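Here's the letter readout for the chains.
2 protein chains.
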Amino acid sequence: MVKVLIIGGAGMIGWKLASHLAAGGEVAGRRIGKLVLHDVVEPAVPAQAAFEMRAIAGDISLPGVADTLIEDRPDVIFHLAAIVSGEAESDFEKGYRVNLDGTRSLFEAIRRAGPGYRPRLVFTSSIAVFGAPFPEEIGDEFHTTPLTSYGTQKAIGELLLADYSRRGILDGVGIRLPTICVRPGKPNKAASGFFSGIIREPLNGQEAVLPVPRTVRHWHASPRAAIGFLMHAAGLDTAQLGARRNLTMPGLAVTVAEQIEALGRVAGPRAVSLIREEPDETIQGIVKGWPRSFDPRRALALGFKPDASFDEIIRIYQEDELGRS
Amino acid sequence: MVKVLIIGGAGMIGWKLASHLAAGGEVAGRRIGKLVLHDVVEPAVPAQAAFEMRAIAGDISLPGVADTLIEDRPDVIFHLAAIVSGEAESDFEKGYRVNLDGTRSLFEAIRRAGPGYRPRLVFTSSIAVFGAPFPEEIGDEFHTTPLTSYGTQKAIGELLLADYSRRGILDGVGIRLPTICVRPGKPNKAASGFFSGIIREPLNGQEAVLPVPRTVRHWHASPRAAIGFLMHAAGLDTAQLGARRNLTMPGLAVTVAEQIEALGRVAGPRAVSLIREEPDETIQGIVKGWPRSFDPRRALALGFKPDASFDEIIRIYQEDELGRS
Numbered sequence: 004m005v006k007v008l009i010i011g012g013a014g015m016i017g018w019k020l021a022s023h024l025a026a027g028g029e030v031a032g033r034r035i036g037k038l039v040l041h042d043v044v045e046p047a048v049p050a051q052a053a054f055e056m057r058a059i060a061g062d063i064s065l066p067g068v069a070d071t072l073i074e075d076r077p078d079v080i081f082h083l084a085a086i087v088s089g090e091a092e093s094d095f096e097k098g099y100r101v102n103l104d105g106t107r108s109l110f111e112a113i114r115r116a117g118p119g120y121r122p123r124l125v126f127t128s129s130i131a132v133f134g135a136p137f138p139e140e141i142g143d144e145f146h147t148t149p150l151t152s153y154g155t156q157k158a159i160g161e162l163l164l165a166d167y168s169r170r171g172i173l174d175g176v177g178i179r180l181p182t183i184c185v186r187p188g189k190p191n192k193a194a195s196g197f198f199s200g201i202i203r204e205p206l207n208g209q210e211a212v213l214p215v216p217r218t219v220r221h222w223h224a225s226p227r228a229a230i231g232f233l234m235h236a237a238g239l240d241t242a243q244l245g246a247r248r249n250l251t252m253p254g255l256a257v258t259v260a261e262q263i264e265a266l267g268r269v270a271g272p273r274a275v276s277l278i279r280e281e282p283d284e285t286i287q288g289i290v291k292g293w294p295r296s297f298d299p300r301r302a303l304a305l306g307f308k309p310d311a312s313f314d315e316i317i318r319i320y321q322e323d324e325l326g327r328s
Numbered sequence: 004m005v006k007v008l009i010i011g012g013a014g015m016i017g018w019k020l021a022s023h024l025a026a027g028g029e030v031a032g033r034r035i036g037k038l039v040l041h042d043v044v045e046p047a048v049p050a051q052a053a054f055e056m057r058a059i060a061g062d063i064s065l066p067g068v069a070d071t072l073i074e075d076r077p078d079v080i081f082h083l084a085a086i087v088s089g090e091a092e093s094d095f096e097k098g099y100r101v102n103l104d105g106t107r108s109l110f111e112a113i114r115r116a117g118p119g120y121r122p123r124l125v126f127t128s129s130i131a132v133f134g135a136p137f138p139e140e141i142g143d144e145f146h147t148t149p150l151t152s153y154g155t156q157k158a159i160g161e162l163l164l165a166d167y168s169r170r171g172i173l174d175g176v177g178i179r180l181p182t183i184c185v186r187p188g189k190p191n192k193a194a195s196g197f198f199s200g201i202i203r204e205p206l207n208g209q210e211a212v213l214p215v216p217r218t219v220r221h222w223h224a225s226p227r228a229a230i231g232f233l234m235h236a237a238g239l240d241t242a243q244l245g246a247r248r249n250l251t252m253p254g255l256a257v258t259v260a261e262q263i264e265a266l267g268r269v270a271g272p273r274a275v276s277l278i279r280e281e282p283d284e285t286i287q288g289i290v291k292g293w294p295r296s297f298d299p300r301r302a303l304a305l306g307f308k309p310d311a312s313f314d315e316i317i318r319i320y321q322e323d324e325l326g327r328s
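Residue numbers (my numbering), protein chains in the order written: chain A, 4 to 328; chain B, 4 to 328.
Chain A on its own, in the form it takes in the complex (with noise of 0.2 angstroms):
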């Protein structure tokens, strides 16, 4: 029986992971015995699991709450709290504190824990750690060198995630997740909000924004590809890592034009008809300098799996969040 910790639970990564891990039961291929779910507001719980569930909120950066956390030793923990990129650019304080701080603290807990404690921590971190100029399909082993402070303190808890992983104090997994498409809910401020938008929006029957020309391209997965590389990443061997903790998911790299071909095939030319072209300089300076494509050999080799087509990215937000099938 398996203690699990997520940080960062009530967001939409974390509520998706603990329902799957209620559902299932089982994670890295043990029994689950409890699950703790931490954010700075109370998560809510899933309604139904075979085992233990509880809700706490707190601060990660504050001394001693990543501590009690630690407590009961969690033997799998998953790190997804973070500070997201447009706060932490606008607030430099409150994303260093909680992306690098809170991070830190949470490692040093561990440590603190330790020896003879040694859990498995899969870290989120961002295709954010890249930033322009790079080549059209990023490689593995090419450089960190982002170009926001969210980008840089996911970078640093990479590095950081690396360092105690070879020093033996946890045993750690960074995953640098695609943008998530079709992200559900709202449609948001985020000048990443239109990947999501121009399929969400039609899907429900409501017009859709498109700020930028339909010749960008991105890197996209689906919540459920994200819970697939979350649930891969805890049951991971990883000898296979050695020192490099850090891996790019494998995602689709698909055109504006071709998630929107997608949407046509999936939903018909009405659903289409809902996109309308509103070009927006600022939108595609922003866009201009994310990453388009990767080449994630190494996360491929190691069985992480991406959706199949932008079609079935559509099929999926269908399926879970309209509860179509």
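Because the hints were derived from the structure by calculation, they are not lab data. Keep in mind the model is a prediction, meaning the values are calculated, not measured. A hint or two may mislead.
[Said to hold, decoys possible] The calculated label-pair distances, taken between Cβ atoms and stated as ranges, are:
1. B:D75 <-> A:R217: 54 to 64 angstroms
2. A:P187 <-> B:P136: 52 to 62 angstroms
3. A:G67 <-> B:G208: 56 to 66 angstroms
4. A:G67 <-> B:A246: 31 to 41 angstroms
5. B:G245 <-> A:L303: 29 to 39 angstroms
Quick reminder that beta carbons are idealized off the backbone N, C-alpha and C, glycines included.
Given the coordinates of chain A, assemble chain B onto it according to the supplied hints.
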């Protein structure tokens, strides 16, 4: 008139830099008005200079110390201070405290002193940010996957330097120094010590031990070249760097055999005969994980100058340390 601050002023490079500044009286094409040397032990101050000099002892990782150093708004800051590789590996907490917290504490003091204050900050990083496996020649876009806590702390310093520069808090240049050779002083127990020892000891009429095969290739720069890098970084037009503030410095990729041939040319066969081969498997194992050569195109294009040859590296030692001309 500019004010200059050297943090790590008691080290070998710090002392040589201070002496160079005292002798020339200029940095970045401007006259120096004041030089402050800081270190954990009070640094020696060069005998003569046409400007005010001050030595301060303290620990920049402690609250308030960096603020005090920033109080009179130095225009150029050389941040050389670090717990070295071996000690950062054996004393985990001290390494992170000085190399990570100390660096961040300096950057934060600068942030608190702004806006309107944005010093040039030259940060000495290291080729220890790279970890095997790597190609025979490491390019400027190769990822940083350090295999020591020291290398991890330097790589984190690079990321912070880039982000604080992007934010306009400071105007940073990070320079990844090659192994410094010929390092003056007594033999030490550092795994890399023999690279200097096999030259320095014979030039001083003493026997030297060579623990690795002569085919071992490594990346070297003289102390004089290192001072050249620091001075060039202090005066660099950083608009040329964009967001990528960290540069691999040019060095010489030479094998131990080539080092010994150069010693023969410069000092004759008697010097060479003082080298005794005594294979050490531990040192050979460590050295196997070290970079052999780089392709430092960016730094060369930006005007950083390597030593002309390993013969010159030996002559620099003779001139600067043995007083020969």
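Quiz item: Would you say the C-beta atoms of P187 of chain A and P136 of chain B sit inside 52 to 62 angstroms of each other?
Solution: 41 angstroms, violated
Quiz item: Are G245 of chain B and L303 of chain A spaced within 29 to 39 angstroms by their CB atoms?
Solution: Given a distance of about 32 angstroms, which is inside 29 to 39 angstroms, the answer is holds.
Quiz item: Do G67 of chain A and G208 of chain B keep their Cβ atoms within the hinted range of 56 to 66 angstroms?
Solution: 60 angstroms, holds
Self-check item: Hint check for A246 of chain B and G67 of chain A - Cβ pair distance inside 31 to 41 angstroms
Solution: Because 37 angstroms falls inside the window, the suggested range holds.
Exercise. Can you let me know if the beta-carbon spacing of D75 of chain B and R217 of chain A is within 54 to 64 angstroms?
Key: 56 angstroms, holds
Hint 2 from the list above is the single one not met by this structure.
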